[in-house]
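Engineer: One-letter residues, chain by chain:
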Amino acid sequence: MSVPGAATARTAEPSNYLNAEYSIKSWFLTLDHKRIGLLYLAGLTFFFTLGGLFAVLIRLELLTPEGDLFQSETYNKLFTMHGIFMVFFFLLPSIPAVLGNFFLPLMIGARDLAFPKLNLLSWYIYMVGGLFTLYAMVAGGVDTGWTFYTPYSSVYANSHVIAAALGIFISGFSSILTGVNFIATIHTMRAPGLTWFRMPLFVWAHYATSLIMVLGTPVIAITIVLVAIERLFGVGIFDPAKGGDPILFQHLFWFYSHPAVYIMILPGMGVISEIVACFSRKRIFGYHIIAMSSLAIAVLGFLVWGHHMFVSGQSIYAGILFSLLSMLVAIPSAIKVFNWTATLYRGSIRFDTPMLYTLGFIGLFTIGGLTGIFLASLAVDVHVHDTYFIVAHFHYVMVGGMVMAYLGGLHFYWPKMFGRLYPETLAKIAAVMIFVGFNLTFFPQFLLGYLGMPRRYHAYPEEFQVLNVLSTAGASILGLGFALPMGYLIWSLFRGKPAGNNPWGASGLEWQTQSPPISHNFDEVPIVTEEAYAYDTLRPPAAASPEQEEVLHV
Amino acid sequence: MFEDFSFFPEAASTVAGRVDAIYLFLVVVTIFFVGLISAALLIFSVRYRRGRGHAPEQVHGSIALEILWSAIPLLIVLFVFGWSAKVFFDVRTVPTEGMEVFVTGKQWMWKLQHPTGHREINSLHVPKGQAVILTMTSEDVIHDFYVPAFRVKQDVVPGMYSQLWFEATKTGTYHLFCAEYCGTKHSQMIGEIVVLEPAAYEAWLAGNPAGRNPVEAGKVLFENLRCATCHAAGSGQRGPDLAGRFGEQVRMRDGQTVIFDENYARQSILEPKSHIVAGFEELMPTYEGQVSEDEILQLIAYIKSLSTGDEEPK
Ligand code: HEC
Ligand SMILES: [Cu+2]
Ligand SMILES: [Cu+2]
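Heads up: the sequence lines are chains U and B, in that order. Numbering-wise, this note's numbering puts 268 at position 268 of the first sequence, and it's gapless, one number per residue. Numbering-wise, this note's numbering puts 283 at position 283 of the second sequence, and it's gapless, one number per residue.
Accuracy of the hints is not assured; some may be wrong.
Unchecked claim - Straight-line alpha carbon distances no greater than 30 Å define the calculated DSBU-like cross-link-like pairs of lysine-lysine that follow: (1) B/Lys111 <-> U/Lys242; (2) B/Lys128 <-> B/Lys170; (3) B/Lys111 <-> B/Lys185; (4) B/Lys185 <-> U/Lys242; (5) B/Lys86 <-> B/Lys170; (6) U/Lys428 <-> U/Lys497; (7) B/Lys128 <-> B/Lys111; (8) B/Lys106 <-> B/Lys128; (9) B/Lys106 <-> U/Lys242; (10) B/Lys106 <-> B/Lys170; (11) U/Lys242 <-> B/Lys273.
Hint data in this document are derived by calculation from the structure and do not stem from the laboratory. None of these values were measured; they are calculated from a predicted model.
Assemble the whole structure, with the sequences as input and the hints as a guide.
Structural biologist: Printed below as a string of C-alpha cells:
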C-alpha cells in the first residue's frame, strides 16, 4: 500500500505527517512513529496476502479426499508457510506494530515513542526476518509445520529449516524492541494528568502485550538456536538417538507460543474496548476490571503451556495441573466479553463498519474461547488434539477474534490516519462477507475434528468430504471479503471524503488533534482532566453516518 | 461423497461414551453462553440503537455483576475440570491385565506385534471386550497413535515407550490415524483397527501364520546376544538376576531408586552406564546400534515374562 499522492490533491491542507516531506528517504529513514506504523502496514499487508494465498491453495487441495492437486511434499510446505507467515509476520506484529505504533503516543498525549530510532530499527529487523523466511520459501520451502517439532525439524526434514527459523529468530528481536519501547513510553511519556487509571484500555492492553513480548520472546529465540545447533553440528539436544529429549523442545516452544497467543489477542481486545465505548457512546462497563484482566491474562498465560502436551508423554499429574490452570485463564477473557456486552446496555448505538466488526468479534471470540474449554478438558482433548477441532478453535480466536479486531481498528482509525473516509456501504458489505465466509469456513472444521480428521492431512478418508467442501466454499467468500478492503481502502486514500478531525465523535486525545495528525502530534501538550471514555461530557457527532458528515468536516 | 456422512463419530470403546458425555455437556454450555451473549447483543442493538433519540445512560460498572459473571463461569470450568480429569485418569491408567501389543511407528507405517507372535502392518486385529495394552515407540520422529472411534490418542516418541489402552465394545473396522505431523507422507500413515468377536479373533489367529511370539523371540535374543552369560541366575552373578524384578523398585549405587519398567529396561540395554544397580560393577556393554526397536521390545517381553511366571528361567 502506498500513500504519497494522497497529499497532492490537498495542497491547500495544513501540514501533516504525510505531506511534511515527500522523499523516499524521508519514509525509509523516518523516526516518526506514524510513518513507521505505515511502513509496518505495508509489510504486514504483504505477508498477510502471501499467507492468504497459501490458505487458498490448501483449501483447494482439500476439496477432494485424494491428494490430487499437489504432491504431499508441496502440500506440507504450503501449510507450513501459511502458518509461519500468518503467525510470525502478521498476527504477532499486526495491531501493536500498526495501530499501536501509530496511536499509542497519540493516546497518551506524547510526541513520539520513547525510542524513535529503536522503533525504526525494529521495522528493519522485522523486514529482514521476513525476507529471510521469504528466501526459505523461494529456495524450496520448509515442511516442518510452524511448530517445528523435533526431532523431525532438527534431524529428519530436508527442507530449508534453518533459513526459515533464522527469519523467525531475527523477527523476534523486532518484537522485543517494540515491547521495550511501548513499556518505556507508557511509563514515562504520559501527558500531565493522565494517571494509570485514566489510560484508554487500548493502552492497557498494549502494556500487557509488551510485557509478554519482552519476557517470552527470548525463550523462542533460544529454542530456535538449539534446533539450529542440533541440525548444523549434530549436537544431541532434542534427538534421542544422540541422547537428547524431543519433548524438551515442546516445553520450550509452548512456553513461548502459548503466551504468544495472548500477544496476538490482547491488542485486539484493546481495540474492541475503544470501539464499543465509542459506538455506544458510553463509558466502558467495568473499566478497572477490563484493565486488570489484561494483566491477569499476561501472567496466567505463562503457566499453561503444558495444555498443548496432554498426549505427548507428559505425566498424568502435570496434565491435570495444566488443565486446571488453563481453565482459570478462561475467566478473565469471559469477564471481558461480559463487560463489553454490558457496555451496550442503555447506550446510544450506531452500526458503522468498525462496530460491525466489533459485534462479530464478540460473538466469534466467545465461540473461540468456549471451545478452548473443550481443549483444556483433559479427556476431550485426548480425542480432539491435533485434529481439525484445534484448527477451528484457533482460527476462531485468531481470525474471528484478532483479524476482525484488526480490521475493525483499521476502519475506525483510518479517517485519523489519512484524513479520509472509507466508503461505508462497501465496507459494510465486506464486513458481512467476512463474517459469513469465516463461519462457513471454520464451523465445519469443529465437526470434522470431533469426527476425528487429523490436521495437516494432505489426503483424507472420503466421509470427511462434505464438510471439507463447505469449508472451501466458505473460504472463497472469506477470500473475497478480505480482498474488498484492500481495494477500497487504497481507493479512499485518493478519493475518500475528507474525514474531519473526529468523525465518530470519539473521546480520547488521538481524536483531538488534526486528521491526519501533524508530525509532532500536538501543538500543545494536552492536559488530561478526566477518565477515559467520558462520553457523557462529549457532544455526539451531528450526523448519523459519516457519509452525511458534511457538517462536521471543519 | 454423502454415503458415510455423519456429524458424530462412531463410539466403539468403553471410554468413548464418557468422553462424549463431557463433550455434549460442553456443547450445551457453549450454546447457552453464545446464545446469551448473542441475544444480549441483539436486544441491546435494537433497543438502544441511535436514532431512537434517547441519551445514553452512563454506568460505570457493577461489582455485584462482576462477581456474578466471574463466579458462574468459574464454577462451571472447575466442574468440567474435575469431571474430565477423572475420565482422563482412567484413560491414561493402564489396567494390569490385558492383551499386550507392541507398536513401532516409523516414517510412514505402523508395525504391530501380537503376544502370539502374529505381526501386522498398518492394521491391528483385536478381540471385542478385552483390554488391549499398546506399548509404543518410534524408530525416527514423533508419531501419534489415534483411533477416533475409541477416543484415544497417544504420542509415539522415539527413545522412550508410551502406553495406550482401550477396550473395544463394538465389532467393526475403525480408522487408525497418525495424528502427529511426521513428514511427507504423514497423511498416509494410516491403518485400521479390526475388532472381532473373541471367537472370530481366535479364528483369525489360527488362520494366519505366527512367527515366534515376543517372549520366545526375546529368549532367543537373550541367548544369542550373550545376555545370559552375565544375567542367568547362578552363573557367577556378574549381572543382577532379572527374574521377578519387573515392576519392582531397583536401588542404584548412588542411593536413588527407580521402578523397573519398560523404559528402565530399555535404558539398561542401550545406556547401561546411566544407572548402575547397587552392588554391581559397570560391566554391561551397550547394545546401542546392535538391536532394533522391535528386538528391544522382544527382549523386554522376555525379561517381563521372568516376573509374571509365564516362563521360568532355566
Ligand atoms: C558383561 C556382562 C553383561 C552382559 C553381557 C549383559 N549385562 Fe545387563 N547388566 C550387567 C551388569 C553388571 C548390570 C548391573 C550394573 C548396571 O546397572 O549397569 C546389568 C544390568 C542390567 C539390567 C538392569 C537390571 C537391574 O537389576 O536393574 C538389565 C535390564 C540388563 N542388564 C539387561 C541386559 C540384557 C537384555 C542384555 C543382553 C542384550 C544384557 N543385560 C547383557 C552385565 C551384563
Ligand atoms: Cu496454549
Ligand atoms: Cu504422522
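Engineer: Confirm or reject each hint.
Structural biologist: Quick rundown of the hints versus the structure:
Pair hint lysine 111 of chain B plus lysine 242 of chain U holds up; C-alpha atoms about 24 Å apart against a cutoff of 30 Å. Of the supplied pair hints, the one linking lysine 128 of chain B and lysine 170 of chain B holds, its CA atoms being roughly 7 Å apart against a limit of 30 Å. Between lysine 111 of chain B and lysine 185 of chain B, the direct Cα distance comes to roughly 16 Å. Compliance with the 30 Å bound is thereby established for this hinted pair. Only pairs whose Cα atoms come within 30 Å are accepted, and lysine 185 of chain B paired with lysine 242 of chain U is accepted, the gap being roughly 25 Å.
The straight-line distance between the Cα atoms of lysine 86 of chain B and lysine 170 of chain B is roughly 24 Å, inside the 30 Å bound, and the hint therefore holds. Of the pairs offered as hints, the one joining lysine 428 of chain U and lysine 497 of chain U holds, with about 17 Å between alpha carbons and a cut-off of 30 Å not exceeded. Between lysine 128 of chain B and lysine 111 of chain B, the direct Cα distance comes to roughly 21 Å. Compliance with the 30 Å bound is thereby established for this hinted pair. A hinted pair counts as satisfied when its Cα atoms are at most 30 Å apart, and lysine 106 of chain B with lysine 128 of chain B qualifies at roughly 27 Å.
Only pairs whose Cα atoms come within 30 Å are accepted, and lysine 106 of chain B paired with lysine 242 of chain U is accepted, the gap being roughly 18 Å. Of the pairs offered as hints, the one joining lysine 106 of chain B and lysine 170 of chain B holds, with about 29 Å between alpha carbons and a cut-off of 30 Å not exceeded. Restraint check for lysine 242 of chain U and lysine 273 of chain B: satisfied, since their Cα atoms lie roughly 15 Å apart, inside the 30 Å limit.
In the structure shown, no violation is registered for any of the earlier numbered hints.
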